[in-house]
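J.: Heads up: the sequence lines are chains R and A, in that order. The first sequence runs 1 to 191 under my numbering. The second sequence runs 1 to 294 under my numbering.
No lab work stands behind these hints, which were simulated from the structure alone. The reader is advised that the hints may include incorrect statements.
What follows is a set of in silico ranges between Cβ atoms, one per label pair, in the way DEER data are often shown [what the hints assert, rightly or not]:
no., chain 1, residue 1, chain 2, residue 2, range
1, R, I127, A, K32, 39 to 49 Å
2, A, T291, R, D59, 23 to 33 Å
3, A, T291, R, H73, 55 to 65 Å
4, R, I127, A, T108, 47 to 57 Å
5, R, G157, A, E194, 32 to 42 Å
6, R, E65, A, S286, 50 to 60 Å
7, A, E94, R, E132, 27 to 37 Å
8, R, P93, A, D260, 26 to 36 Å
9, R, V30, A, E94, 31 to 41 Å
10, A, K122, R, R120, 28 to 38 Å
11, A, A262, R, Q95, 26 to 36 Å
12, R, D59, A, A274, 40 to 50 Å
13, R, D115, A, A274, 36 to 46 Å
If you want the footprint, here are the derived chain A segments under chain R, 3+ residues with CB under 8 Å [said to hold, decoys possible]:
no., stretch
14, 5-12
15, 39-45
16, 72-81
17, 97-106
18, 117-130
19, 255-268
20, 272-284
Glycine is no exception: its CB is placed at the ideal position from the N, C-alpha and C atoms.
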Amino acid sequence: MAGKTVGILALQGDFAAHRKAVQRAGGLAVEVRVAAELAQCDGLIIPGGESTTMLKLLDQEALTESIRLFAEHKPVYGSCAGAILLAREVTHPPQPALGLLDITVERNAYGRQIDSRIARLPLNEAIDGGGEMEAVFIRAPIIRRVGGGVTVLASYGGDPVWVEAGRHMVTTFHPELSADSKVHARFLRKL
Amino acid sequence: MFLSEEFRLKTGLAEMLKGGVIMDVTNAEQAKMAEAAGACAVMALERVPSDIRKEGGVARMASIAIIREIMKTVSIPVMAKARIGHFTEARILEALGVDYIDESEVLTPADEEHHIDKRGYKVPFVCGARNLGEALRRIAEGAAMIRTKGEAGSGNIVEAVRHIRTIVKEMKHLTVLGKEELVHESKNLGAPLELVEWVAANGRLPVPNFSAGGIATPADAALVMQLGAEAVFVGSGIFKSEDPEKRAKAIVKAATYYKDPAKLLEASEELGEAMRGLDVSKLPESELLQTRGW
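Could you build all of it, start to finish, from the sequences and the hints given here?
T.: Here you go:
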């Protein structure tokens, strides 16, 4: 991981919080707004924000295909809106996505902002020896289906909230808004 | 206060709106168009500021039926405006489930001395400010986002620029002062010492800082973002222009590429006519919206 660079997709959303979280976990971070900037990256994070806004800009700026090509060899991690963009299928309402992980994601599945919450997730032994981790859910989606080859790393209320499939990973919560670096550290180890 | 879970959730949603455009809408059809153009949220209100300015009368919280229809129509966050000090309008909007409440000077104030005590609500609030003292008073009352006021409905960016520059300059000033000087500044600003000390130590507001009031073009949006705003609110600037859809898309693009002149050029081409602007310096004091709020 030494000398590796993480690109943060900076079209809209809390990309600045992710940049700081990558730095806290010991990585280098750069903001990515145009396809050419992907060339210097060893991995990419799609941040929280509004998935519909990011979709429009991805499309308009011809970034969708560039990220798909990038993801063929390099890891991509998405939190919340990023999870929605990485899914195979999106519901409530249906919308296009990059399809990097075989999961179905329902948008705004807990309700509106007044239903946003901070929870404590129990972690299994395989992740830093277990224990608990804070998870900030903001107008969060729920992963309704995970396909074969997708590993559930943590759940909340019976639903998977942190999953990975090969080099790609998603969380429906925002580790970039917590002090705990476990999620970002795991992503950095994939680079 | 900033570390409480409730407050972190409130500022958390504002974090998700950064780099985006929040568009004023008066019905579900406009909301749908705003979402399709890439708005990161919409603001439901009865009339856009330039119409409030033209038609006069009392401007209140928007009709519940319309806000509800907007909430049903779009999947992005829906904000709504309550009058300054009108805590029952705010409670009604909270019960309705809007995602953010704007205690706004654009509506006719309900209380000429007090703002809403925003700490007792589960729903987050955004408030306008023209300077650091005003911003910190609103934060002390519980606001989880500040937007510079500008002059709503004017189509003139000069006031938004003045307000963001003022706040940034006042924050910079605090960072070079000694402890005893901060006590004095706290008095001058009319803001709690605890918040003044926080800003002095961090050089920024403890909540996200957006810009509003007079943004009419992609270049306007990029200008206030280069001056330090983290996202923009656009009111009359979109739906009072010749081609709202094109202009909305262009302003969304400008908020993302605010530092990239080539992209800003693309965003600025073929936009049609902007809204007619007002020379704010020729407006009588009584017609200014920014002086509402205390």
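J.: So, for every hint listed, does it hold in this structure?
T.: We went through each hint and held it up to the structure:
Judged by the Cβ atoms, the range 39 to 49 Å given for I127/R and K32/A holds: they are separated by roughly 42 Å. With their beta carbons about 43 Å apart, T291/A and D59/R fall outside the hinted range of 23 to 33 Å. Between T291/A and H73/R the beta carbons are some 58 Å apart, a value that agrees with the proposed interval 55 to 65 Å. Roughly 55 Å separates the CB atoms of I127/R and T108/A, a value that falls within the hinted 47 to 57 Å.
For G157/R and E194/A, the hinted distance range of 32 to 42 Å is satisfied, since their beta carbons lie about 37 Å from each other. For E65/R and S286/A, the hinted distance range of 50 to 60 Å is satisfied, since their beta carbons lie about 56 Å from each other. Between E94/A and E132/R, the C-beta spacing of about 31 Å keeps the proposed range 27 to 37 Å intact. Here the CB-CB span from P93/R to D260/A is close to 31 Å, well matched to the stated 26 to 36 Å.
V30/R and E94/A have their C-beta atoms about 40 Å apart, which keeps the hinted 31 to 41 Å range intact. In this structure, K122/A and R120/R break the distance hint of 28 to 38 Å, their C-beta atoms being roughly 20 Å apart. Evaluation of the 26 to 36 Å hint for A262/A and Q95/R yields a pass: the beta carbon distance comes to about 29 Å. Distance hint check: the CB atoms of D59/R and A274/A are about 26 Å apart, inconsistent with the given range 40 to 50 Å.
The given range of 36 to 46 Å is respected by D115/R and A274/A, whose C-beta atoms sit roughly 39 Å from each other. Counting residues of the stretch 5-12 of chain A whose C-beta lies closer than 8 Å to any C-beta of chain R gives 4; at least three are required, and the coverage claim holds. With 3 residues having a beta carbon nearer than 8 Å to a beta carbon of chain R, the stretch 39-45 of chain A meets the requirement of three or more and the stated coverage holds. Counting residues of the stretch 72-81 of chain A whose CB lies closer than 8 Å to any CB of chain R gives 3, which reaches the minimum of 3, so the coverage claim holds.
Counting residues of the stretch 97-106 of chain A whose CB falls under 8 Å from any CB of chain R gives 4; the rule of at least 3 is met. Counting residues of the stretch 117-130 of chain A whose CB lies closer than 8 Å to any CB of chain R gives 3, so the stated coverage by that chain holds, three being the minimum. With 4 residues bearing a CB less than 8 Å from a CB of chain R, the stretch 255-268 of chain A meets the requirement of three and the coverage assertion stands. Check on the stretch 272-284 of chain A: 0 of its residues sit with their Cβ under 8 Å from a Cβ of chain R, so the three-residue criterion for coverage is violated.
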